[in-house]
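My request is simple: use the sequences and hints to build the entire structure.
All you need for this note's numbering is the position in the sequence shown, starting with 1, plus 5.
Please keep in mind that the hints were generated in silico from the structure rather than gathered at the bench. It is possible that some hints are incorrect.
Stated by the list, open to error - Only pairs whose alpha carbons sit at most 20 Å apart, straight line, appear in this in silico EDC-like list of lysine to aspartate or glutamate: (1) LYS196 / GLU151; (2) LYS83 / ASP72; (3) LYS196 / GLU75; (4) LYS196 / GLU34; (5) LYS83 / ASP168; (6) LYS132 / GLU41; (7) LYS142 / GLU12; (8) LYS132 / GLU12; (9) LYS142 / ASP72; (10) LYS142 / ASP131; (11) LYS37 / ASP72; (12) LYS142 / GLU41; (13) LYS37 / ASP91; (14) LYS132 / ASP82; (15) LYS132 / GLU120; (16) LYS142 / ASP91; (17) LYS83 / GLU12; (18) LYS142 / GLU34; (19) LYS132 / ASP91; (20) LYS83 / ASP131.
Note that this is a predicted model, so its numbers are computed, not measured.
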Amino acid sequence: MSDHASELFANLHFVFGGARSGKSHYSEELVKSAGERVLYVATAQAADDEMRRRIEAHQARRPSNWDTLEAYSRTFDKLRQRLSNDGPYQGVIIDCVSVWASNIVITLPEIASEEYAYSVLSPELDKLFAIIRENPKTTFVLVSNEVGLGIIPAYPLGRLYRDTLGRINQRIVRHAATACFMLAGVPLRIKG
Numbered sequence: 006m007s008d009h010a011s012e013l014f015a016n017l018h019f020v021f022g023g024a025r026s027g028k029s030h031y032s033e034e035l036v037k038s039a040g041e042r043v044l045y046v047a048t049a050q051a052a053d054d055e056m057r058r059r060i061e062a063h064q065a066r067r068p069s070n071w072d073t074l075e076a077y078s079r080t081f082d083k084l085r086q087r088l089s090n091d092g093p094y095q096g097v098i099i100d101c102v103s104v105w106a107s108n109i110v111i112t113l114p115e116i117a118s119e120e121y122a123y124s125v126l127s128p129e130l131d132k133l134f135a136i137i138r139e140n141p142k143t144t145f146v147l148v149s150n151e152v153g154l155g156i157i158p159a160y161p162l163g164r165l166y167r168d169t170l171g172r173i174n175q176r177i178v179r180h181a182a183t184a185c186f187m188l189a190g191v192p193l194r195i196k197g
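This is the structure we're talking about:
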């Protein structure tokens, strides 16, 4: 599917920012306005104790009536299946795009170029855009990190991830009705 910059999804909202900027909390509040029936798509896996604590904190903050889809691999295939089986949902939050991207980037060959990484991620993102297009009455809130404001990573995989995620974030913003950059818990609306 070609990427048409003019295709704007009225039901797509993008929230991004640095670590601990408040993006997840803000996104959760934003999706609450969509209605009671919300699906939370979690892309992280508890690989260590610190990550397990982060996941538990996110889970404790969510309303108990929200459904959760743990999808750290084949994320958008699983989302499509869930919406097909259990939908429709009034709101879907994907937290987060940056972890989804890293889950894929770390599986790529060590010598992968940015173009190659983007060519692997882009068709997956097309799947998400198709889902959003097919569910116009569902509010989608995508959460991501902004990783391009810090120092240049000292290792190739870090640079590959930073550069590829920057392109993915740009692509999402082009299609989103609104985009908010989170800074110290404050949402700065940059689009919409």
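Legend entry - Numbers of the earlier hints that this structure fails to satisfy, in rising order: As far as the earlier hints go, 3, 5, 6, 17 are violated by this structure, in ascending order.
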